[in-house]
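Colleague: Single-letter residue listing:
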Amino acid sequence: MSPVWIYLAIAIWFAFGLIISWQARKRLGKGIVEYFLANRRIGSIIGAFTLSATVYSAFMMIGLVGLVYSSGIGAFGFEIVFLVASLLLLALFIPRFWIAGKKYGYVTPAELLGDRYENRAISVIVAIIFIITLIPYTAVQLMGAGFLTETLSGGGIPYWLGSLILPIIALVYAWWAGMRSVAWTDALQGIIMLIGSLALLGFIWVVFFPEGMFSTIAASSPEKLKFTWGFNMWLGLCLPWIFFMLLIPQVSQRFFILRDVRSIRGMIIGFGIFGLIYTVLVSIFGLAAVNIVPGLEKADSAMPALLSLVPAALALTIAISIFAASVSTINSIVLSLSSIAGRDIYRVLSPKISEDRELFWGKLLIPVMFLIAWGVAQLKLGMISILSTMSSGALLSILPALLGAFFWKRGTAAAVISSSIPSVIVTGWFYMAGLKPLGLWPPVWGLIISTVIYIVVSYLTKPPEKASEFVDYTNNWQANARAMTE
Amino acid sequence: MKGSELQLVWVLVAVIILTFIVPFTVLKYTPTFSGGFAFFSLVPVATIIYIAIYVAKSWKELLK
Chain A
166 MSPVWIYLAI AIWFAFGLII SWQARKRLGK GIVEYFLANR RIGSIIGAFT
216 LSATVYSAFM MIGLVGLVYS SGIGAFGFEI VFLVASLLLL ALFIPRFWIA
266 GKKYGYVTPA ELLGDRYENR AISVIVAIIF IITLIPYTAV QLMGAGFLTE
316 TLSGGGIPYW LGSLILPIIA LVYAWWAGMR SVAWTDALQG IIMLIGSLAL
366 LGFIWVVFFP EGMFSTIAAS SPEKLKFTWG FNMWLGLCLP WIFFMLLIPQ
416 VSQRFFILRD VRSIRGMIIG FGIFGLIYTV LVSIFGLAAV NIVPGLEKAD
466 SAMPALLSLV PAALALTIAI SIFAASVSTI NSIVLSLSSI AGRDIYRVLS
516 PKISEDRELF WGKLLIPVMF LIAWGVAQLK LGMISILSTM SSGALLSILP
566 ALLGAFFWKR GTAAAVISSS IPSVIVTGWF YMAGLKPLGL WPPVWGLIIS
616 TVIYIVVSYL TKPPEKASEF VDYTNNWQAN ARAMTE
Chain B
105 MKGSELQLVW VLVAVIILTF IVPFTVLKYT PTFSGGFAFF SLVPVATIIY
155 IAIYVAKSWK ELLK
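Taken in sequence, the protein lines are chains A and B.
Going by our numbering, the first residue of the first sequence is number 166, and it counts up by one from there.
Going by our numbering, the first residue of the second sequence is number 105, and it counts up by one from there.
Hints were generated in silico from the structure; no laboratory data involved.
Among the hints, erroneous ones may be present.
[Stated by the list, open to error] Derived Cβ-Cβ restraints for the label pairs, each shown as a range:
id: 1; chain 1: A; residue 1: 540; chain 2: B; residue 2: 145; range: 26 to 32 Å
id: 2; chain 1: B; residue 1: 156; chain 2: A; residue 2: 603; range: 36 to 42 Å
id: 3; chain 1: B; residue 1: 105; chain 2: A; residue 2: 529; range: 51 to 57 Å
id: 4; chain 1: A; residue 1: 462; chain 2: B; residue 2: 146; range: 45 to 51 Å
id: 5; chain 1: A; residue 1: 601; chain 2: B; residue 2: 113; range: 46 to 52 Å
id: 6; chain 1: A; residue 1: 602; chain 2: B; residue 2: 129; range: 24 to 30 Å
id: 7; chain 1: A; residue 1: 536; chain 2: B; residue 2: 125; range: 19 to 25 Å
id: 8; chain 1: A; residue 1: 173; chain 2: B; residue 2: 105; range: 51 to 57 Å
id: 9; chain 1: A; residue 1: 536; chain 2: B; residue 2: 129; range: 31 to 37 Å
id: 10; chain 1: B; residue 1: 110; chain 2: A; residue 2: 320; range: 28 to 34 Å
id: 11; chain 1: B; residue 1: 110; chain 2: A; residue 2: 536; range: 32 to 38 Å
id: 12; chain 1: B; residue 1: 121; chain 2: A; residue 2: 575; range: 42 to 48 Å
If you're wondering where the values come from, they're calculated on a predicted model, not measured in any experiment.
The beta carbon of each residue, even a glycine, is placed where N, CA and C say it ideally should be.
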């Protein structure tokens, strides 16, 4: 396909997003809460779309399609375990994050942890962990875009350029109008993601499987319908993803933006429906690709190879839907890291800083972060799905601290610091060195280490005074929400 | 944590156990769509319905 068509499609899509973003900018008020949390006034539908579009990224249409292509139904199951565990955890945690945000004025999840444990160093440490782990995660998005544009254009748009266009678009949406712009454009991206996927499903079904898709795949590639994953791989990939929604800051920060309890309900149910439809569609594409484009050397190229066989207009629509998935994740990362850098690092180092200065410094880090992520993306490391899982695996190190913050009054600041740092180091080291002692994947070891240290050190040290008040307040969130509205 | 929320935790534990047992016992031997694909599609459908009912009941007062 001619690169001109790809540039034109991107320009039209970007223009639509820009109109929505401009509307959001017109409503932009002053202050940090307004910029980073849309003044905590996001409702059900936008809340559901922004959460869904933020969570479901280019990983799905590139990485998951590739994983289903190479390893069959197990990859679908792994994504479903993530979805169902997330839904149940969201019902438990969103109300707690939300009420804590309203009561104590939190803007970032790192700020919540630092305040709950009464230790500002925790905010800084958690912020640094977020930044380090989000670099490969952001790189994954850029890799997806780079691979896709390069393949679609037959090399006319080089990988380096394809992986550079999306962050620029994401930067524009996030930079000039903050969370409201990001959330509104995410709704547009979410709709494009669904429309693109449904269109592709229709085409594949009619053109490539006239005898029926499921029966054809069952007859020609039955091995892909069998569950062939080993237990340790299943555990190593599922474990980080079960808690992914709570640990990744651009997702958990969205728990602060909701207007009321109805919006919380809308966000959870809407995310569930979106997630189910999108996951099923994407997994079908992976299975269909086994039949349509068999024998690919790189599993991640299954979707680009599939698109090379469909009409140009449809291929462009799907490509834009993948770009939409990517941008909606990238702009959320941008915004989240921006708030984290300003709030949890710069403000802690300079407590008397004004809100304007905090915002200024937060934004300043963004281009630097992107350049690093873009640099990592140029290395084209491994399979996209493994790289994504490595990010969420390292984030598991703060899981005991997060659970303890909400449910265990005995949890202490010393325990958080002493558990999270070694756990991140061990997880990262095991991943880099390819170590799997006793066959267990790095995140499992990371979680074991952080949990044991967190519990032992908590019993050896004195809990902060705020612990009791915080745990009681968030556990009684229903009564407190009622009191807030009366 | 209140009783209804504990129920959420137990459901989470049950779903995780289910999704960790069924694949290694049943789905290894069922190379059909009515095996793995149907199982992994139905689990989230049931979860969404359960959560919709749970929220409607447990958050009743706050949703008025």
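Colleague: Against the structure, test the hints numbered earlier, and report the numbers of the ones violated in rising order.
Modeller: 1, 3, 4, 5, 7, 9, 10, 11 and 12
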